[in-house]
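J.: Build out the structure end to end from the sequences listed, making use of the hints.
Below are the chains, spelled out letter by letter.
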Amino acid sequence: MSEYIEHDKDKISVGIVEKKLFTFAESPDEMVLESGARFGPVSLAYETCGTLNEDRSNAILILHALSGDSHVAGYYTPEDEKPGWWDNMVGPGKGIDTDKYFVVCSNIIGSCMGSSGPCTINPRTVLPYGLDFPVVTIGDMIEAQKALIDHLGITKLLAVVGGSIGGMQVLEWCARYPEMVSAAIPLATTTKHSALAIAFNEVARQSIMADPNWNNGEYYYGPKPDMGLAVARMIGHITYLSDESMRLKFGRRLQDKSDFSFNFDADFQVESYLRYQGKKFVERFDANSFLYITKAADYYDLGKQHGAGSEVKAFSKMAAAFLVVSFTSDWLYPTYQSRAMVKAMKKNGLDVSFCEIQAEWGHDAFLLPNERLTSVIRGFLERVFNKSQK
Amino acid sequence: MSSTNPKNNQMRFDLQIIASWIEPGSRVIDLGCGKGELLKYLITHKNVTGNGIERNESRVAQCIEEGLSVLQGDINEEVLDYPDNTFDYVILSQTLQQVYEPDTMIRSMLRIAKKGIVSFPNFSHWSCRWQLLSSGYAPVTRQLPYEWYNTPNIRVITIKDFRKFIHEVGFSILKEVAINTQSENRYGKAISFLPNLRATYGLYLIGNGT
Numbered sequence: 001m002s003e004y005i006e007h008d009k010d011k012i013s014v015g016i017v018e019k020k021l022f023t024f025a026e027s028p029d030e031m032v033l034e035s036g037a038r039f040g041p042v043s044l045a046y047e048t049c050g051t052l053n054e055d056r057s058n059a060i061l062i063l064h065a066l067s068g069d070s071h072v073a074g075y076y077t078p079e080d081e082k083p084g085w086w087d088n089m090v091g092p093g094k095g096i097d098t099d100k101y102f103v104v105c106s107n108i109i110g111s112c113m114g115s116s117g118p119c120t121i122n123p124r125t126v127l128p129y130g131l132d133f134p135v136v137t138i139g140d141m142i143e144a145q146k147a148l149i150d151h152l153g154i155t156k157l158l159a160v161v162g163g164s165i166g167g168m169q170v171l172e173w174c175a176r177y178p179e180m181v182s183a184a185i186p187l188a189t190t191t192k193h194s195a196l197a198i199a200f201n202e203v204a205r206q207s208i209m210a211d212p213n214w215n216n217g218e219y220y221y222g223p224k225p226d227m228g229l230a231v232a233r234m235i236g237h238i239t240y241l242s243d244e245s246m247r248l249k250f251g252r253r254l255q256d257k258s259d260f261s262f263n264f265d266a267d268f269q270v271e272s273y274l275r276y277q278g279k280k281f282v283e284r285f286d287a288n289s290f291l292y293i294t295k296a297a298d299y300y301d302l303g304k305q306h307g308a309g310s311e312v313k314a315f316s317k318m319a320a321a322f323l324v325v326s327f328t329s330d331w332l333y334p335t336y337q338s339r340a341m342v343k344a345m346k347k348n349g350l351d352v353s354f355c356e357i358q359a360e361w362g363h364d365a366f367l368l369p370n371e372r373l374t375s376v377i378r379g380f381l382e383r384v385f386n387k388s389q390k
Numbered sequence: 391m392s393s394t395n396p397k398n399n400q401m402r403f404d405l406q407i408i409a410s411w412i413e414p415g416s417r418v419i420d421l422g423c424g425k426g427e428l429l430k431y432l433i434t435h436k437n438v439t440g441n442g443i444e445r446n447e448s449r450v451a452q453c454i455e456e457g458l459s460v461l462q463g464d465i466n467e468e469v470l471d472y473p474d475n476t477f478d479y480v481i482l483s484q485t486l487q488q489v490y491e492p493d494t495m496i497r498s499m500l501r502i503a504k505k506g507i508v509s510f511p512n513f514s515h516w517s518c519r520w521q522l523l524s525s526g527y528a529p530v531t532r533q534l535p536y537e538w539y540n541t542p543n544i545r546v547i548t549i550k551d552f553r554k555f556i557h558e559v560g561f562s563i564l565k566e567v568a569i570n571t572q573s574e575n576r577y578g579k580a581i582s583f584l585p586n587l588r589a590t591y592g593l594y595l596i597g598n599g600t
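Chains as they are written, first to last, in the numbering used here: chain A, 1 to 390; chain B, 391 to 600.
Calculated from the structure, these hints are not laboratory results.
Bear in mind that the values here come from a model prediction, so they are computed numbers and not experimental data.
Mixed in with the good hints there might be a few duds.
[To be verified] Once the Cα atoms are required to be at most 27 Å apart in a straight line, the calculated BS3-like pairs of lysine-lysine come out as:
1. A/K343 <-> B/K430
2. A/K347 <-> B/K425
3. A/K317 <-> A/K224
4. A/K390 <-> B/K554
[Unchecked claim] A short list of chain A residues far from chain B (calculated; beta carbon distances all over 12 Å):
5. F24
6. M209
7. R252
8. A321
9. K346
10. D351
Beta carbons: idealized from backbone N, C-alpha and C, even for Gly.
T.: What follows is the structure, encoded as structure tokens:
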């Protein structure tokens with residue numbers, strides 16, 4: 001996902017939030033990962049907004065995408081230049097109303113934003129894990145979050161919400177813990193990556209691994225594979241936009257010049273934009289985490305894992321009410337993929353609402369302020385919340 | 391047939407009659423549910439479990455905002471995915487005249503639900519007959535307000551045609567009422583004398599006859 005984060009135009013915000021750390025699976029009770037490897041201790045960075053009600057029935061877990069983190073909304077300090085990544089959706093009176101709901105967002109395992117990942121220190125070697133960090137799956141991410149939700153004393157989540165890789169986690173939560181999830185909102189997501197999506201991820205990974213600074217993942221005390229990661233991010237960015245959005249946003253316009261430079265500087269605005277996005281990304285993201293998380297996304301296959309190859313069977317285990325949303329210009333996870341999951345839900349008699357929102361901004365549309373998205377999420381959550389209170 | 395006792399005179403007259411046919415607490419799907427007016431009424435007043443299918447994005451969004459379970463799609467396609475007898479009632483309100491394969495649709499409807507409710511504008515109303523006879527142009531009425539070249543209504547159905555059709559596809563008519571009302575009108579009356587000539591709409595409750 002891209003970075004569009006801006007201050008709320010009406011200055012509405014959850015205010016100051018705090019990043020917390022939850023550590024579990026200490027030796028000898030390590031987490032057993034899907035690969036069979038044992039891993040521990042596990043730390044998860046998480047944030048909460050709003051207040052958990054007395055009967056603990058208003059908790060919503062938000063699941064972030066590839067480059068996101070636990071900082072879903074609000075500010076760490078009053079001086080912060082920007083709020084959390086979904087500040088336009090999460091806050092008082094917003095689509096996910098923190099006056100009504102208790103919102104939890106945790107950084108996924110494998111990431112580099114505070115949770116255990118390849119850049120964290122291996123207690124045994126007192127060095128960063130690097131490639132010694134085990135390969136984690138979407139399922140492993142859910143198992144770690146489950147431990148956090150248990151720790152917070154929540155036995156049933158009102159809703160799990162997320163877009164893109166966050167949407168995969170939404171589906172995985174519903175498959176693993178159907179009794180713990182009342183409602184689910186998978187946005188701009190898929191039950192399994194297409195060859196196209198895997199191909200883009202592979203090119204991005206190759207870009208990182210081809211950077212000599214990558215050094216088989218051991219770069220934490222030397223120069224980092226910034227060029228490789230920046231190019232990986234540039235590739236990602238192309239998949240998050242769309243032909244239409246790039247045409248509108250850049251066209252063939254030149255950057256700060258009236259004619260070609262006849263060299264290999266950035267002439268076009270789109271080149272300059274991608275270079276800027278790549279450069280900004282390396283300041284905050286770890287190249288190894290990018291490898292691990294994209295691999296987890298590529299491996300994800302709901303039907304294979306939970307239905308012996310059948311998505312219909314996989315959804316038969318689920319019990320949540322669903323709101324599925326896709327966006328017209330999303331070519332990374334096109335609408336047909338959302339429709340396929342809606343079909344499987346219907347075949348199982350699940351309560352499903354589905355809307356394909358007209359949006360020109362490609363895959364990234366789910367992150368951008370969008371009144372329609374906000375209002376359908378608000379209406380859906382109100383319904384499931386009122387039902388749960390009966 | 392004038393035994394309808396609509397509680398909610400805010401809703402369109404034909405929808406009030408449809409609502410009166412539905413048993414409280416049942417499972418209902420509305421094909422082409424629009425802005426969800428009928429579903430909302432049925433959920434509030436009849437405690438039904440309601441679902442809807444609607445093609446238009448903004449209407450779908452409006453339904454979901456209002457707390458309805460509605461999905462965006464083409465009714466011809468979407469009706470196929472539900473298991474047999476998922477619903478007690480399936481409603482096709484003022485849409486049959488836009489369906490490409492009415493017999494397939496009716497069969498699908500009575501596969502996914504025990505009973506079907508179908509309504510349509512009656513093409514043999516005297517005003518249609520009179521327009522065609524007197525002017526020689528294809529009729530344009532309040533119920534069917536389009537020219538032949540821009541109408542979404544690809545089928546012309548009369549009350550007599552529909553009765554014949556239901557028997558031909560092997561189902562039974564469990565209830566029928568012919569009404570005289572205007573398209574968005576909250577008021578109207580049931581027509582029992584010469585309905586095929588005098589009614590603007592036909593409303594039918596159909597089933598397997600068992």
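J.: The structure should be examined with respect to each hint, and the outcome stated for every one.
T.: Evaluation of the provided hints:
no.	hint	result
1	A/K343 <-> B/K430	holds (24 Å)
2	A/K347 <-> B/K425	holds (25 Å)
3	A/K317 <-> A/K224	violated (44 Å)
4	A/K390 <-> B/K554	violated (47 Å)
5	F24	holds (37 Å)
6	M209	holds (41 Å)
7	R252	holds (31 Å)
8	A321	violated (7 Å)
9	K346	violated (4 Å)
10	D351	violated (5 Å)
In this structure, the hints that do not hold are numbers 3, 4, 8, 9, 10, in rising order.
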